[in-house]
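Student: Sequence:
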Amino acid sequence: MRAAVVGHVEWIQFARVERVPSPGEIVHASETWEEPAGGGAVAAVQLLKLAGQATLYTALGDDELGHRAKEKLEHLGLRVEATFRATPQRRGFTFVDAAGERTITVMGDRLGPSAADPLAWDDLAQAGAVYFTAGDRGALEQARRAGVLTATSRVVRDLAEAHVRLDAVIGSARDPAESYSPGLLSPPPAVVVRTAGKDGGRFDTEDGRTGQWRAAEPPGPVSDFYGCGDSFAAGLTYGLGAGLPIEEALSLAARCGAANATGRGAYEGQLRL
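Start counting the sequence shown at 74; every next residue gets the next number (the working numbering).
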């Protein structure tokens, strides 16, 4: 199955610490690293590992970090359809504490592609599944050419303005920035998924069916939780694109999220089909 993500990339610097410092406090990092990540990139690489091939449609800053991000993602095996904007690449800084929890600060605007960008948009008509995290209305309309289209509720305002039918909107039951209420989107999505971390989550379908799922156990020691939610979203997108019932797609998504926790940073622990 061909899979794709229309979304954003952040260049992330990580610091592993015993605990996140209190205001005014100095802490020492036991380990540091950096890599291109962010919701769009993480989901795209997870789809690559499930489907065997995946494309990321994105916009990057036309600076050293933006070009490095493209090179690094392509080195992971991802096909990157990118346009470069005359702006600094969006960056982020992430503390990873002793429990594996991640605390993120982002710097710069979320960059997404536009349908006007000279990218291989026609290829989306052959995609079985696409996940959307950033882009203009035209980019979302291009993504809708895929067999299945899912999106993050973090960009619900953009989704509402586009009036594009979604097969699933993926949000959080705990993070206000990813909350979703019925009626926000027209037409309504076929499924609304709300995650709750270690407590699993619940789903609601447009025909009135509701259900829950349990979080999967990590298949090894936890390193950090960075990228778990994005890997979950990719797993759900792949499952729906493969024709799985919602319950089975969510089970696969939960496994993807749990596996990600066992690797350092965004990609090391991701599940391979």
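FYI, nobody ran anything at the bench for these hints, they're computed from the structure. Hints are not guaranteed to be accurate.
[As the list claims (entries may be wrong)] Lysine to aspartate or glutamate pairs mimicking EDC-like chemistry, simulated, CA-CA at most 16 Å apart: (1) K145 with E341; (2) K143 with E108; (3) K143 with E107; (4) K271 with E174; (5) K143 with E154; (6) K271 with D248; (7) K271 with E290; (8) K145 with E98; (9) K145 with E107.
Student: Are the hints correct? Go through all of them and say.
Tutor: For each hint, the structure was consulted:
| no. | hint | in the structure |
| --- | --- | --- |
| 1 | K145 with E341 | holds (14 Å) |
| 2 | K143 with E108 | holds (11 Å) |
| 3 | K143 with E107 | holds (14 Å) |
| 4 | K271 with E174 | holds (12 Å) |
| 5 | K143 with E154 | holds (9 Å) |
| 6 | K271 with D248 | holds (14 Å) |
| 7 | K271 with E290 | holds (9 Å) |
| 8 | K145 with E98 | violated (34 Å) |
| 9 | K145 with E107 | holds (11 Å) |
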